[in-house]
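**Student:** Please model the complete structure; the sequences and the hints are all you need to start from.
Here's the letter readout for the chains.
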Amino acid sequence: MKRRDFLKTSGALVVSFGAASLAERVGLAQGQFGTRVSHIDPSQLDSWIAIAADGRVTVYTGKCELGQGILTAQAQLAAEELSVPLDRVNVIMGDTDVCPDQGTTSGSQSTPTNFNGRNLALAAATAREALLKLASARLGVPVDQLTAADGAISASSDRSKRVSYGDLVAGKKLNLRLDPGAKRRAESAWAVLGTPARRLDMVAMATGTFEFVHNVRVPGMRHGAVVRPPSVGATLANVDESSVRGMPGLVKVVVKKNFVGVVCEKPWQAVQAASKLKATWTPGPPLPPQPEYYEYLRKQPSRDAFVVNSGDVEAALAKAATVVRATYVHPYQMHGSMGTSCAVADVQNGKATVWSPTQSAYGTRSCVAALLGLQPDAVRVVFTRGAGCYGLNGADTVSLDAALLSQAVGKPVRVQLSRKDEMAWENYGYAYVIDQRAGVDASGTIIGWDYEAWFPSRGGRPGYDRPGNVITGVLVGLEPQPFRPAQAAEPPGEFRNGSNAAPSYIAGRVARKAGGAGTITSERVLTHTVASPFFTGPLRSPSRLQNTFAHECFLDEIAAQLKADPVAYRLRHLGDARLKAVVSAAAKGAGWDARPSPRPNPAAGGVATGRGIACVAYEGDNGYVAMVAEIAIDQASGRIQPKRLVVAQDCGPISNPDGMRNQLEGGALQGLSRALGEEVTWDEHAITSVDWRTYHSLPFGIDTPVIESVLIDTHGVEAMGAGETAITIVAAAVGNAIFDATGVRIREVPFTPDRVKRALASPVDSRNVRP
Amino acid sequence: MSAITLQVNGRAHTVDVDPATPLLYVLSDDLGLRGPKFGCGLGQCGSCTAIVGGRAVRTCVTPVGTSAGAEIVTLEGLGTPEHPHPIQQAFIDEQAAQCGFCLNGVVLTAKAFLDANPTASDAQLQQATSTILCRCFTHARMWKAIKRYAAEKA
Numbered sequence: 000m001k002r003r004d005f006l007k008t009s010g011a012l013v014v015s016f017g018a019a020s021l022a023e024r025v026g027l028a029q030g031q032f033g034t035r036v037s038h039i040d041p042s043q044l045d046s047w048i049a050i051a052a053d054g055r056v057t058v059y060t061g062k063c064e065l066g067q068g069i070l071t072a073q074a075q076l077a078a079e080e081l082s083v084p085l086d087r088v089n090v091i092m093g094d095t096d097v098c099p100d101q102g103t104t105s106g107s108q109s110t111p112t113n114f115n116g117r118n119l120a121l122a123a124a125t126a127r128e129a130l131l132k133l134a135s136a137r138l139g140v141p142v143d144q145l146t147a148a149d150g151a152i153s154a155s156s157d158r159s160k161r162v163s164y165g166d167l168v169a170g171k172k173l174n175l176r177l178d179p180g181a182k183r184r185a186e187s188a189w190a191v192l193g194t195p196a197r198r199l200d201m202v203a204m205a206t207g208t209f210e211f212v213h214n215v216r217v218p219g220m221r222h223g224a225v226v227r228p229p230s231v232g233a234t235l236a237n238v239d240e241s242s243v244r245g246m247p248g249l250v251k252v253v254v255k256k257n258f259v260g261v262v263c264e265k266p267w268q269a270v271q272a273a274s275k276l277k278a279t280w281t282p283g284p285p286l287p288p289q290p291e292y293y294e295y296l297r298k299q300p301s302r303d304a305f306v307v308n309s310g311d312v313e314a315a316l317a318k319a320a321t322v323v324r325a326t327y328v329h330p331y332q333m334h335g336s337m338g339t340s341c342a343v344a345d346v347q348n349g350k351a352t353v354w355s356p357t358q359s360a361y362g363t364r365s366c367v368a369a370l371l372g373l374q375p376d377a378v379r380v381v382f383t384r385g386a387g388c389y390g391l392n393g394a395d396t397v398s399l400d401a402a403l404l405s406q407a408v409g410k411p412v413r414v415q416l417s418r419k420d421e422m423a424w425e426n427y428g429y430a431y432v433i434d435q436r437a438g439v440d441a442s443g444t445i446i447g448w449d450y451e452a453w454f455p456s457r458g459g460r461p462g463y464d465r466p467g468n469v470i471t472g473v474l475v476g477l478e479p480q481p482f483r484p485a486q487a488a489e490p491p492g493e494f495r496n497g498s499n500a501a502p503s504y505i506a507g508r509v510a511r512k513a514g515g516a517g518t519i520t521s522e523r524v525l526t527h528t529v530a531s532p533f534f535t536g537p538l539r540s541p542s543r544l545q546n547t548f549a550h551e552c553f554l555d556e557i558a559a560q561l562k563a564d565p566v567a568y569r570l571r572h573l574g575d576a577r578l579k580a581v582v583s584a585a586a587k588g589a590g591w592d593a594r595p596s597p598r599p600n601p602a603a604g605g606v607a608t609g610r611g612i613a614c615v616a617y618e619g620d621n622g623y624v625a626m627v628a629e630i631a632i633d634q635a636s637g638r639i640q641p642k643r644l645v646v647a648q649d650c651g652p653i654s655n656p657d658g659m660r661n662q663l664e665g666g667a668l669q670g671l672s673r674a675l676g677e678e679v680t681w682d683e684h685a686i687t688s689v690d691w692r693t694y695h696s697l698p699f700g701i702d703t704p705v706i707e708s709v710l711i712d713t714h715g716v717e718a719m720g721a722g723e724t725a726i727t728i729v730a731a732a733v734g735n736a737i738f739d740a741t742g743v744r745i746r747e748v749p750f751t752p753d754r755v756k757r758a759l760a761s762p763v764d765s766r767n768v769r770p
Numbered sequence: 000m001s002a003i004t005l006q007v008n009g010r011a012h013t014v015d016v017d018p019a020t021p022l023l024y025v026l027s028d029d030l031g032l033r034g035p036k037f038g039c040g041l042g043q044c045g046s047c048t049a050i051v052g053g054r055a056v057r058t059c060v061t062p063v064g065t066s067a068g069a070e071i072v073t074l075e076g077l078g079t080p081e082h083p084h085p086i087q088q089a090f091i092d093e094q095a096a097q098c099g100f101c102l103n104g105v106v107l108t109a110k111a112f113l114d115a116n117p118t119a120s121d122a123q124l125q126q127a128t129s130t131i132l133c134r135c136f137t138h139a140r141m142w143k144a145i146k147r148y149a150a151e152k153a
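Chains as they are written, first to last, in numbering that gives the first Met the number 0: chain P, 0 to 770; chain D, 0 to 153.
Keep in mind that the hints were calculated from the coordinates and are not lab data. Here the structure is a predicted model, which is why all the values come from computation and not from measurement. Every clue listed holds true.
Simulated crosslink set (PhoX-like; lysine-lysine; CA at most 25 Å straight-line):
| no. | chain 1 | residue 1 | chain 2 | residue 2 |
| --- | --- | --- | --- | --- |
| 1 | P | Lys642 | D | Lys143 |
| 2 | P | Lys171 | P | Lys182 |
| 3 | P | Lys182 | P | Lys132 |
| 4 | P | Lys642 | D | Lys146 |
| 5 | P | Lys587 | P | Lys562 |
| 6 | P | Lys410 | P | Lys256 |
Listed next, with one range per pair, are the computed distances between beta-carbon atoms:
| no. | chain 1 | residue 1 | chain 2 | residue 2 | range |
| --- | --- | --- | --- | --- | --- |
| 7 | D | His12 | P | Gln374 | 39 to 47 Å |
| 8 | D | Glu70 | P | Arg692 | 25 to 33 Å |
| 9 | P | Ala635 | D | Lys152 | 35 to 43 Å |
| 10 | P | Ala635 | D | Ser129 | 18 to 26 Å |
| 11 | D | His12 | P | Ala377 | 37 to 45 Å |
| 12 | D | Asp121 | P | Glu493 | 47 to 55 Å |
| 13 | D | Glu151 | P | Ala377 | 53 to 61 Å |
Where a beta carbon is used, it is the ideal one built from N, C-alpha and C, also for glycine.
**Tutor:** This is how it looks when you write it as structure tokens:
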């Protein structure tokens, strides 16, 4: 198990001894099948699937719809395994009263977790076999002479001998354990999986009838708003309640240590009261200046770890014919959900219900319980969809806000954050500084690769016992996961590349086994985690995107020095057949013009055009993807116009081809937005990117590039995640295309017009090239 | 507080609110509509859009008092799940959504513009939709859906 969720969990178990009593109370045990033990036993079939008397199938899952399409894909899975029409399947997601605990919906893990003969897939297969046995007894026909179709089972030779699932089960429990030997439907026989399925939520969304968490209305519900500190680390000196006394609809001002909120009868009243409330704050320490932040990161105490260390990298570089070196930097970026985060909590009589868009219903349940002084089993979290989160946005923190305010007034309270509070206090995606060195021999082969990176971290997912990992927990006095500097640890027992810190071109030899996708055997990958002044957390392709930007641009730099074609030079150093196949497929799809970069005779002024390629084995083994980007640059303004993105992807057997294309297209464009415009900014005291004027998201009406997807549907292997593949390689593909068009290498995103213009004017920027 | 009568989706509603209250709060809370959504409260993203008097309006920055008497149409006022409006059907046919939160602003902004400018060029259509955000970046499919509706109108 090398998946992010498991690491998170086991990490919490190991280092959070300070909260051991809470952890024990919560029952933090790793159950079988990658699930955790809760009152919903994941080893029981009834925990996953129910069949009603009318034949409708209900699926209970811990993997939730965040916009990525997993609702529809899980319904397809159940429909396929049970041979029922898709529209007869209902999916209940992330309700802690009825769904098994599947941890967090994150890390492109929902498909690997639930579609590969474990968990939901195994439950559906077990149910099918159980139904066949029941039908055999009922009809007096051996199982191997029965056929399941359209929610009923009949004798293969006499279709009049038939019994429906509804009649077989009649709404009763099946009382069976999941059978590890239960056989799934053969991929070659798939009728529902592997076929484009329309999203089950699409009609409701398009007609404005879909219920988001923002639309939840509970009888007697009041409306809360929070008053966050003006700056990072500020503490509350005083709250003057007289400043809001007599305001219409005011129910209560709530203060708990540094947490301040108001509750009113109506939402607009709450917004106004929160803005009128006079709170005095003692400022926190000044923030490190943003212009020098990347250098600042290098000087901080750090917690170090090797992903791989062959011990001979210096020797390899010393004997190399050429050594190439470069430093890449990446800013903090934010999730910036379309809707600000919202939750509704009803805390009364020692019980709590929270309607929350959290990715981790059970974790939120434990954290809410800890915050309110309740037992976890007195809390029910009902996952209710929010706006797309792309990772740890404000969903968890606003759930805690609503719970605190509801407890204070003894009535249900809905809280929706302001745009500024969402953006100033969310858990940002990590900033990165990455030093790369590579040695090349006389034949042009890379013989050594050295990577060293610094990135800031603070807080993260609250998990089951760390409400202090998000802002609300800290405001009420709980600590985030403590940061402890540590010497570099030698790599663990096997090569793990979950953060893509290792480039695809190294062998990844740990304990004599090569786990990497490449061929270079002199290899060192060293990471330094340092303390962040701001909260951080997983943002779509966390660390993987930043690392891949550095790796895939750097590989191009080496190829350019050797005047080698970027596609051929990649293939020369890759060992993994599936990764090589997507590189070749993207190049073929794009009609790649094989030649070195930059292009011959680049345009001296005006509009220059270029193409770039990038690829990655996402998390080392969770999806293979390559992209060719074709762009135009207006050299006068520095503005980049993406023209065409060709993406080739292999994530194993595809559940919903149209859903995968949708993810791929969205990931590609979101990657473009992050590559071209998105950057968290701050001044001496506070975050200054707090709305859509100060944080630059690619708007709708621009020229959207043509996006062409090449789906490689590989069967007979495990299904992999597809939500974070494409986004991981966009910045690198575009950076390589800029170089191809202009001969100028820009080693910092976002590629804003100003930055591009400066780079074109002064190609050797001291910040871009470290001596 | 004062009594204000609004014409929403073909029906008259009288609400007793502060006339300075943004129209969004009245639509989503007093009237319980699900189409218009709070995205930023600053008129920057489009999530709160309603069609007021034939024009796409950002209701999060529009005082309710200024909308009295005007015909207001929200996303759920266009069509129903059983009988979607042609532009809703175009989005369904193109499967043009991920999380779906921005759909309200995208659909209503495009509809209001195309209804008033049925022969608009692509550049004009781009300009008209250039202040909408979609953070799932479902742009390509949404653009196809809008073009499909435009083609049906033309």
